[in-house]
Structure formats: C-alpha cells, structure tokens
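Colleague: If you read the protein sequences in the order shown, they are chains W and C.
Each number in my numbering comes from the position in the first sequence (counting from 1) with 16 added on.
Each number in my numbering comes from the position in the second sequence (counting from 1) with 16 added on.
Possibly wrong hints are sitting among the right ones.
The list treats identical chains as one, so a pair stands whether inside a single copy or across any two.
Stated by the list, open to error - In silico SDA-like links for lysine to any residue, alpha-carbon gap of 25 Å or less:
#1 K160 / P49
#2 K319 / M344
#3 K160 / L101
#4 K292 / R152
#5 K160 / A44
#6 K334 / R114
#7 K121 / G241
#8 K57 / A311
#9 K141 / T194
#10 K122 / T177
#11 K292 / S51
#12 K258 / I340
#13 K122 / R33
#14 K334 / E84
#15 K160 / R294
#16 K258 / E48
#17 K259 / E48
#18 K160 / P149
#19 K275 / N126
#20 K141 / H214
#21 K259 / H50
Honestly, the hints are just simulated from the structure, not real lab data.
2 protein chains.
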Amino acid sequence: MNKRSYLIFMYTIDELRNCIKAELDRQAYVEEPHSLFEPIKYIMADGGKRLRPVLALMAYNLYRDDIEKVLKSAIGIEIFHNYTLLHDDVMDNAELRRGRPTVQKKWNSNVAILSGDAAAITAYKYIETVEDPYLRQVINYFNKMAMDICKGQQYDMEFETRDDVTEAEYIHMIFLKTAVLIGGSIRHGALIAGAPQHEHDALYDFGCHLGLMFQLQDDYLDVYGDTAEFGKKIGGDILCNKKTYLLIKALELASAEDKALLRDWMERVNFDPNEKIRAVTDIYNRSGVREAVQAEIDYYVGKSREALDRIDVPEERKERFREIIDAMGARKK
Amino acid sequence: MNKRSYLIFMYTIDELRNCIKAELDRQAYVEEPHSLFEPIKYIMADGGKRLRPVLALMAYNLYRDDIEKVLKSAIGIEIFHNYTLLHDDVMDNAELRRGRPTVQKKWNSNVAILSGDAAAITAYKYIETVEDPYLRQVINYFNKMAMDICKGQQYDMEFETRDDVTEAEYIHMIFLKTAVLIGGSIRHGALIAGAPQHEHDALYDFGCHLGLMFQLQDDYLDVYGDTAEFGKKIGGDILCNKKTYLLIKALELASAEDKALLRDWMERVNFDPNEKIRAVTDIYNRSGVREAVQAEIDYYVGKSREALDRIDVPEERKERFREIIDAMGARKK
Numbered sequence: 017m018n019k020r021s022y023l024i025f026m027y028t029i030d031e032l033r034n035c036i037k038a039e040l041d042r043q044a045y046v047e048e049p050h051s052l053f054e055p056i057k058y059i060m061a062d063g064g065k066r067l068r069p070v071l072a073l074m075a076y077n078l079y080r081d082d083i084e085k086v087l088k089s090a091i092g093i094e095i096f097h098n099y100t101l102l103h104d105d106v107m108d109n110a111e112l113r114r115g116r117p118t119v120q121k122k123w124n125s126n127v128a129i130l131s132g133d134a135a136a137i138t139a140y141k142y143i144e145t146v147e148d149p150y151l152r153q154v155i156n157y158f159n160k161m162a163m164d165i166c167k168g169q170q171y172d173m174e175f176e177t178r179d180d181v182t183e184a185e186y187i188h189m190i191f192l193k194t195a196v197l198i199g200g201s202i203r204h205g206a207l208i209a210g211a212p213q214h215e216h217d218a219l220y221d222f223g224c225h226l227g228l229m230f231q232l233q234d235d236y237l238d239v240y241g242d243t244a245e246f247g248k249k250i251g252g253d254i255l256c257n258k259k260t261y262l263l264i265k266a267l268e269l270a271s272a273e274d275k276a277l278l279r280d281w282m283e284r285v286n287f288d289p290n291e292k293i294r295a296v297t298d299i300y301n302r303s304g305v306r307e308a309v310q311a312e313i314d315y316y317v318g319k320s321r322e323a324l325d326r327i328d329v330p331e332e333r334k335e336r337f338r339e340i341i342d343a344m345g346a347r348k349k
Numbered sequence: 017m018n019k020r021s022y023l024i025f026m027y028t029i030d031e032l033r034n035c036i037k038a039e040l041d042r043q044a045y046v047e048e049p050h051s052l053f054e055p056i057k058y059i060m061a062d063g064g065k066r067l068r069p070v071l072a073l074m075a076y077n078l079y080r081d082d083i084e085k086v087l088k089s090a091i092g093i094e095i096f097h098n099y100t101l102l103h104d105d106v107m108d109n110a111e112l113r114r115g116r117p118t119v120q121k122k123w124n125s126n127v128a129i130l131s132g133d134a135a136a137i138t139a140y141k142y143i144e145t146v147e148d149p150y151l152r153q154v155i156n157y158f159n160k161m162a163m164d165i166c167k168g169q170q171y172d173m174e175f176e177t178r179d180d181v182t183e184a185e186y187i188h189m190i191f192l193k194t195a196v197l198i199g200g201s202i203r204h205g206a207l208i209a210g211a212p213q214h215e216h217d218a219l220y221d222f223g224c225h226l227g228l229m230f231q232l233q234d235d236y237l238d239v240y241g242d243t244a245e246f247g248k249k250i251g252g253d254i255l256c257n258k259k260t261y262l263l264i265k266a267l268e269l270a271s272a273e274d275k276a277l278l279r280d281w282m283e284r285v286n287f288d289p290n291e292k293i294r295a296v297t298d299i300y301n302r303s304g305v306r307e308a309v310q311a312e313i314d315y316y317v318g319k320s321r322e323a324l325d326r327i328d329v330p331e332e333r334k335e336r337f338r339e340i341i342d343a344m345g346a347r348k349k
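With the rest of the complex left out, here is chain W (with noise of 0.2 Å):
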C-alpha cells in the first residue's frame, strides 16, 4: 500500500469553487477610500471560472483535505490575476473584458492603473497568510511568477509590432504571460500541502502544459470553434491580425503565394470581415496549419500526462486532473 493511500476526502469541482465563491463573497473590500476600492470589486465580482484558485484547492487536495488553509492564498492568485487584467486593459486600451466595459473605459485609466496597483498588494496581503514553514518558499515562487507574467506581456505587446515572431517565441511568450499562473497556481496548492520538492515541481510542469494547451485552443478556436459553444465571435483574431500560433504557422508553412495572398490580407484596410476570415481561413487549410495547431495540443496533452505520471499520490486522486486534460483535448475538436 503507498505510503499516501491514507483516506482524505475528495471534494468536487463544484464544491470547490463554491468554497472560493464564498470566502471572495466574505471579502467585501469596504476599506476607505472607496474610490480605490470599487473598480476591484467590479471586476472581480465579474466571475468567470475562478480556475486558478479552483486548481490550488485541487492540488491541495490532492494531499490533504483541510481546504480552508488555502483558501485565502488561492484567492490571493485569483485577485493577482485581476491586477494583470486591470493593467494589460489599459495598454491594450481594451473597452470589453467579459462582455463588460473595462474599468479603464467605465472609470478612465488612471483609476485602473491605481487599483490595479491596490489589487496586487492585495493579492500579497493574502499571499503573506500562508504558515510559516512554507512563507519563504512561497513568496519566493509568487515573485518569480509574477516577474515572469510582466515579461511576457512585454513580449506580446513588442510582437504586435514585429512581423517576424518565430513559433519558439510565441510559445515561450504564452508560457510567461499565461502558463506559469496555471502552474504557479498548481504548485502553491501541493506546496503549502507539504508535498515534496519534486512533486510540485511536477504539478508546476502539469499546470504549465495545461496553460500552454489553453492558449493554444483560444487561438484554435478562434477559427475552428462553433461561436454558439465558444461564446465569443470566430475569427476576431484574424481580423485584427493578432499573431496566434495559428498566424506564425501560416507564415512559415504555406507556400510563397500563400504566403503573399496571407501578407495581403494582413495590410488590406478596407475590407469585407466575413471575405477574410473566409480568405485566410482557406490558407491555413491549405496550409496545414489546422493539423500543425492540433499536433502542438497533443504534444502539450503528452506533456501534461507525464507530469502528472511524476505524482507518488494514489491515482484515484489524480482522476479529476486527467479529466481535465481529456476535456482540453476533446475541446479543439
């Protein structure tokens, strides 16, 4: 019998991120002065899935199952997380997050800069909750994390105005700017469990592949996916342009007229939306860059199996992780 077959009680999904609902729901942010407050609130309150947190409570769960213990720090990624989305608003000058004006839009951009600055001291204050044994190590990675998160929007924003991405930098910019949250998020949860070294270190790799999945989907689905199922307009990536992995792949895999027919539709101004999609959709079909994208997922679904291979807890536990990457990779299809 391994060592860590003891019984611990294995809670839902579901029941996990109704834990996190309600402790965000107890933080009411009513500290003066409200002005600064508010716009956290607001976009917070606007709550998507809340994953991040919900997958450190599953990694500590993996280990233990007295979740309150990390609850307030897992709230603490979530609300770091807002901060970047409060920040990269502003540079993007973004007027929808979540189908909802931004807070730049509906306060203005100093209000979103300050509170994001607020957001990210509040996200350390509930970092700096964890016990003692694990506040160096932690604080140690969160800053890590976050430095990385900084530099890959620095990078996303400078490939906005190259033409001359290559895939490599493109996959290490989503890994900075969106995986290591994933993985950072994984890892603090088995790490404030008291899982060894190794083994978080494994769940980090796990959640990064998972992050890099994600985002390869996001740039899949924008051409591939059923508006109706993916809840956001296809094509909105290749109408401005915006270099996806789907993008990059184009530009190096189709051939020279493609190529040139592809570089045309990137510098068109007055054009047809519903023309191009359809135009530069046929190019990656030509292309190959539909099997390209899709062989990337799988690699990163390989990737993420043999993480979680690497995890010495009862494989029971781990069910609900393969599930998740089963459901990423039914997903692109």
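Please arrange chain C on chain W, whose structure you already have, making use of the hints.
Modeller: Here is chain C on its own, set in the frame of chain W:
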C-alpha cells in the same frame, strides 16, 4: 550601564550612502527583455539623496554594525519608491522628474505602467531576502505600507478636483502618500536589526513625523524658499493651484475679502505668473499662513524628538537622527 551600550561601529551618513550606491551599481538590470528593465535602470540611475535606504541603514546601525545584512532589502525600498514615481508620473501626465524626461515622456505610458509593475515586483524580490525570524513581519509591514501609499495617491488625485479639503484630510493624505514610506524605511532597518517591537514602533513614528515635516517644508519652501538653495522655481504650486498646506490654511484663515480674492486668482485663466505669485503670497502673509505652517512644522519637530526619546539606545547613537531633525527645522528659515 545600559544593556545595549556595547561598542558598535557607527558609520557616517556619507559612508552609508556610498554603501547604497555601490550596491545599486551592482544591480545591472540585465535580464531579458531589456525593453522591460531599461526604464527601471533609467529612473534608478537618477540618484537623488537615497534618503529612504540611508535611513534604513541608519536605523539598523543604531543596534548593529553588520550593515551588509540590511543592504538588499533597503534597496528594495528604494526600488519600490521609484515604482510609485513611475506610476504617479503616468497618472499626473508629468513631463519632467528631477530635471530629466519622465519614463512616460521618454518612452510612453504603457512602458511606464509595465516597467513600474516590474519595478514593484523587483522590490518584493529584494525585500524577500531578509532573514527568517523577520520575514513574516517585514512582509506584513511592507504590504501595509504599500497599500497606504496607494491610498495616499488616490486621495491626492481626488483632492485636485475638490475645493473643500480640510487641514486634517491634507495631513492624512501626506501621511499616507509620503510619510509612511519614510517611517517604514526606518522601522525596517530597526526591525531586522532585532530591535524590540516598542522601539521599532517608536522609530516608525519618528520617521512618519519626519516625513510630514519634509512635505510641509516642501510646501513652505515653494513659497518662501530661496530659488538658488531650494533648487526649483518659487511659486510653482501657487501657479497651478496645488492644494498645499498653505493654500488650505489660507482658505481657512483669510478674511472674507482675501478668500474671495484668492478664489478669484485660482479661477483666472490668463494672468501674469509673477503677479499671481506676488498676490497669493501677500494673502498668505496677511492671513498668518506663514506662521501656521511654521507652527505645524515645529509641532512635528517636537513629536519626532519625543519618539526618539522612547528608544533605549545610547544617546550618542541617536545624535545623527537629532541632527536630521535640526537640519529640517533650520531648512524653513
């Protein structure tokens, strides 16, 4: 004989400043992407007096002389200070900082936002270097201080569009925006030197009083300073109707006639700058504003002396702190 009167080496302020400078020079900001760190290097290169880390070292040196142990985290405080300047300059749309173009003018506001974020995280990375028995308390005080500074900036921005700011509100705002970082720097040095709670509390109070004095004198010198000595043009605050302690007191103390005259000057769009400065200064003089601000500064001189008295180290070690108070007191004449 006092239990702490064993001999420790007392560094001069210049020696401490040189230690800070040498350590700052060792930090090269060479990480990739350079575009993210270049603006941090730029603002950090623009030295100034390094007041905050020097005060942290001085406070440490009250108790211990192995000052290399406080260097890194003291520099974290200086980097944090510069992060607040980066974001404040975006929010104020400022063009110059210490005579050089601000980051948001030299590059753009997105660069200043994201490099500011990276500077804040860099600061946290330096802060986390403190030794184990102090880490939790250091992080706790640092987070609280960081949030206070955000709140201070929020109040400062709100005051710009209000014309009923009270003296108490103004003091509270400069306490949050300016004083807590001075107080926090001094507390930090004492805390990680192993000072008992009531002593680093007293040093925090001392530093906060010093910070309030410092800001009140800035307000005072803008009107009554000598251009050559003060290093910036006299009357700048008057010209832009900045809500300084002097303006707030004038709106409280002046005669009904002078109040009307003052509001009239504040509303004029076309005016001769020298005439406005002269007229407003005359109102200040007639209303007893000069005496009021001097009395307020003297109040904090007294409070800071009292705070120093609460610290149980040999008098000769505190001497340099008393000299700073005296120098501040003299600065106003």
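Colleague: It remains to establish, for every hint, whether it holds in the given structure.
Modeller: Hints and how they fare:
Within a single copy, K160 and P49 get their C-alpha atoms only as close as 31 Å, which misses the 25 Å cut-off; across copies the closest is 15 Å, which meets it. In the homo-oligomer, the alpha carbons of K319 and M344 lie at most 25 Å apart inside one protomer (13 Å), although the nearest pairing across protomers, at 63 Å, exceeds that limit. For the identical chains of this complex, K160 and L101 are neighbours both inside a copy (18 Å) and across copies (23 Å), given an alpha-carbon limit of 25 Å. For a Cα distance limit of 25 Å, the shortest separation of K292 from R152 qualifies neither inside one copy, at 52 Å, nor across copies, at 56 Å.
With identical chains, the CA atoms of K160 and A44 are at most 25 Å apart between copies only, with a shortest distance of 18 Å across copies and 29 Å within one. Taking the shortest Cα distances, K334 and R114 never come within 25 Å of each other, neither inside one copy (31 Å) nor across copies (57 Å). For the homomeric pair K121 and G241, neither the shortest alpha-carbon distance inside one copy (29 Å) nor that between copies (42 Å) is at most 25 Å. Proximity of K57 to A311 under the C-alpha cut-off of 25 Å is found in neither arrangement, the shortest distances being 40 Å within a copy and 42 Å between copies.
In this assembly of identical chains, K141 and T194 lie within 25 Å of each other by CA distance both inside one copy and across copies; the values are 22 Å within and 21 Å between. For the homomeric pair K122 and T177, the shortest alpha-carbon distance between copies (19 Å) is at most 25 Å, but the shortest distance inside one copy (28 Å) is not. Taking the shortest Cα distances, K292 and S51 never come within 25 Å of each other, neither inside one copy (43 Å) nor across copies (34 Å). In this assembly of identical chains, K258 and I340 lie within 25 Å of each other by CA distance neither inside one copy nor across copies; the values are 27 Å within and 56 Å between.
In this assembly of identical chains, K122 and R33 lie within 25 Å of each other by CA distance neither inside one copy nor across copies; the values are 28 Å within and 45 Å between. Taking the closest pair of Cα atoms, K334 and E84 come within 25 Å of each other only inside a single copy of the chain (20 Å); across copies the shortest separation is 47 Å, beyond that limit. When the C-alpha separation of K160 and R294 is checked against a cutoff of 25 Å, the pair qualifies neither within a copy, at 42 Å, nor between copies, at 54 Å. For a Cα distance limit of 25 Å, the shortest separation of K258 from E48 across copies, 23 Å, qualifies, whereas the shortest one inside one copy, 40 Å, does not.
In this assembly of identical chains, K259 and E48 lie within 25 Å of each other by CA distance solely across copies; the values are 21 Å between and 42 Å within a copy. Proximity of K160 and P149 under a CA criterion of 25 Å is satisfied in both settings, with 19 Å inside one chain copy and 22 Å between copies. In this assembly of identical chains, K275 and N126 lie within 25 Å of each other by CA distance neither inside one copy nor across copies; the values are 42 Å within and 32 Å between. With identical chains, the CA atoms of K141 and H214 are at most 25 Å apart between copies only, with a shortest distance of 23 Å across copies and 27 Å within one.
Taking the shortest Cα distances, K259 and H50 sit within 25 Å of each other only across copies (21 Å), while inside one copy they are farther apart (39 Å).
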